[in-house]
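Participant: Here's the letter readout for the chains.
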Amino acid sequence: MTIRTTNLALAAAVAAASLMSVGAGAQTANTDKERCYGISMAGKNDCAATGNNSCAGQAKADYDAKAWKYVAKGSCMNMEVTLKDGMKRKGTLTPM
Amino acid sequence: MLARLEGGLADFQSGFAASLLSAEKVADRRFSVHRNNVKASLVAALAARFPVVSRLVGVEFFQAMALVFIERCPPRSPVLAAYGAGMGDFLDGFEPVADLPYLADVSRLEWGRRLAWHAADASTISIEALTAVEPDRLAGVRLDLHPAASVVASVWPVISIWTTNTGDEEARPIGPDWVGQSALITRPGLEVFVNALPPSAELLFRSLSAGVALGEAVARAEHIAGFETAAALSLLFRTGAVTSLAVE
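Those protein sequences? They're chains A and W, same order as listed. Each residue of the first sequence is one higher than the one before, starting from 1 at the first, in my numbering. Each residue of the second sequence is one higher than the one before, starting from 1001 at the first, in my numbering.
Since the hints were made in silico from the structure, they are not lab data. Warning: the hint list may mix true and false statements.
As the list claims (entries may be wrong) - Pairwise CB distance ranges (calculated):
#1 Ala1219/W with Ala15/A: 14 to 24 Å
#2 Arg1055/W with Val81/A: 30 to 40 Å
#3 Glu1216/W with Ala15/A: 15 to 25 Å
#4 Val81/A with Glu1071/W: 47 to 57 Å
As the list claims (entries may be wrong) - Looking from chain W toward chain A, a few residues come up when the C-beta cut is under 8 Å (computed):
#5 Pro1135
#6 Asp1136
#7 Leu1138
#8 Ala1231
Unchecked claim - Take a look, some chain W residues computed to stay more than 12 Å from chain A by CB distance:
#9 Leu1067
#10 Gly1140
#11 Pro1176
#12 Ile1224
#13 Arg1238
Note that beta-carbon positions come from the ideal geometry of N, C-alpha and C, so glycine has one too.
With the hints as constraints, model all of the structure from the sequences given.
Facilitator: Put into structure tokens, the structure is as follows:
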């Protein structure tokens, strides 16, 4: 490859890299987030404190009390979910 | 005591330090109490540093193993947080754990996270800083990597092993189709991150951290199967591994 085409290939790769950088699933700063338990739908959790299900997307039941999801800091306690039996419950910062 | 001092203070001190960490019995009961405290504190420090290794071998085994480590690799620095650097190499040669060949790399991952935690702070830049460079000058760009950024390469699925033994009460079995993983450790803010770095991108990381210009670093990695320039660069910037760049 000539220097010119090498430069173009590199530029194309850099441009592609910048497009990839949105929501590409890498662990990045979560410092403005908090772990909120008991609010995630089956398969939509970020991780779990315990139990058979372990991490991202492995929760088998809706609103599993031990599965958590990252939410914006301060918002967890205000989130309310309606359980199967019609009861309402708020998210908590520790496993239930 | 006086008789021992006659041999010279330096001799006394080096003898004291040597017997402090050895497994041999000592006659002096008060010395043996002190020695026990020293060892217990070092074992506790190692257990805090290598929780996953400890979980994998069990607490009792870990404590016994830590005592052997302490004897073979005594602290070289008065800073307790700096103790444990040689754990990976120690485990590689420690016969009783030969049936857990991944253990050494798991300890290296844990050690890398510790290094990242105590490394200097630095602000990071996003990939936009690189897209802003004129295409003709991209090849000459040099990236400064974050002091906390490091790579632990392994032929074992170290990240999967580490993850399941960190977050899960019951460890998940790792499927038969596992592959070796390289861990990219970063700490852009106050939290340490562990991401899978494609093994093919490891050389890029090492070249860039050695100060090789972007064009040359990419050229070196390009012939490796599975290497994708865009994916590798995206990961490095996204995880906070890059602090600044210089255009020649």
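Participant: Please go over all the hints and tell whether each is borne out by the structure.
Facilitator: Structure-based check of all given hints:
1. Ala1219/W with Ala15/A: 14 to 24 Å: holds (18 Å)
2. Arg1055/W with Val81/A: 30 to 40 Å: holds (33 Å)
3. Glu1216/W with Ala15/A: 15 to 25 Å: Once the Cβ atoms are compared, 20 Å apart, the range 15 to 25 Å for Ala15/A and Glu1216/W holds.
4. Val81/A with Glu1071/W: 47 to 57 Å: Given about 54 Å between the Cβ atoms, the range holds.
5. Pro1135: Interface hint status for Pro1135/W: holds (4 Å vs cutoff 8 Å).
6. Asp1136: holds (5 Å)
7. Leu1138: holds (5 Å)
8. Ala1231: holds (7 Å)
9. Leu1067: holds (31 Å)
10. Gly1140: violated (10 Å)
11. Pro1176: holds (18 Å)
12. Ile1224: The assertion about Ile1224/W holds, with a minimum of 15 Å to chain A.
13. Arg1238: violated (5 Å)
Of the hints listed earlier, those the structure fails to meet are numbers 10, 13, in rising order.
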